[in-house]
Amino acid sequence: MRSEYLFTSESVSEGHPDKVSDQISDAVVDLFLSKDPEARVACETMTTTQLVVLAGEVRGKGMIDTEGNWEPGALEEIQQVVRECVKDIGYEQEGFHWQNLKFYNNLHPQSADIAQGVDAAGNKDEGAGDQGIMFGYA
Numbered sequence: 130m131r132s133e134y135l136f137t138s139e140s141v142s143e144g145h146p147d148k149v150s151d152q153i154s155d156a157v158v159d160l161f162l163s164k165d166p167e168a169r170v171a172c173e174t175m176t177t178t179q180l181v182v183l184a185g186e187v188r189g190k191g192m193i194d195t196e197g198n199w200e201p202g203a204l205e206e207i208q209q210v211v212r213e214c215v216k217d218i219g220y221e222q223e224g225f226h227w228q229n230l231k232f233y234n235n236l237h238p239q240s241a242d243i244a245q246g247v248d249a250a251g252n253k254d255e256g257a258g259d260q261g262i263m264f265g266y267a
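In this note's numbering, each residue carries its 1-based index in the sequence shown increased by 129.
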């Protein structure tokens, strides 16, 4: 068994699709938290030429009702936040423009199994539906 390991990280610069995706995910998380400080958001974002795709599981008052349905206007608000984020980054060019990019929202209500794992812990710091090690910033 090896006793030494080489740990590497990737760093990308401004405007890179990874960084754009991180900023969009951040904006979606901020939207949910602005309505419910106890919101749960697992939002993955993919960007490419003229396309933004969101996917993941979410839960939050003001966005999802108690039956697991989207609140009126919530989907439109998410799309608006995504487009505003792309605009704030500065993408107003052929190939990727905030006004006419294609947007697909595949976010859905958090599964009962994940919710149980997150909520059931007596110590809120221990419940987790997903784990990861991240470095960097949006």
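Calculated from the structure, these hints are not laboratory results. Do not take every clue at face value.
Straight-line alpha carbon distances no greater than 27 Å define the calculated BS3-like cross-link-like pairs of lysine-lysine that follow [stated by the list, open to error]: (1) K148 - K231; (2) K164 - K231; (3) K164 - K148; (4) K164 - K216; (5) K231 - K216; (6) K164 - K190; (7) K148 - K216.
Consistency of the hints with the structure:
{"no.": "1", "hint": "K148 - K231", "result": "holds (19 Å)"}
{"no.": "2", "hint": "K164 - K231", "result": "holds (26 Å)"}
{"no.": "3", "hint": "K164 - K148", "result": "holds (25 Å)"}
{"no.": "4", "hint": "K164 - K216", "result": "holds (23 Å)"}
{"no.": "5", "hint": "K231 - K216", "result": "holds (14 Å)"}
{"no.": "6", "hint": "K164 - K190", "result": "holds (7 Å)"}
{"no.": "7", "hint": "K148 - K216", "result": "holds (14 Å)"}
Consistency note: the structure conflicts with none of the earlier hints.
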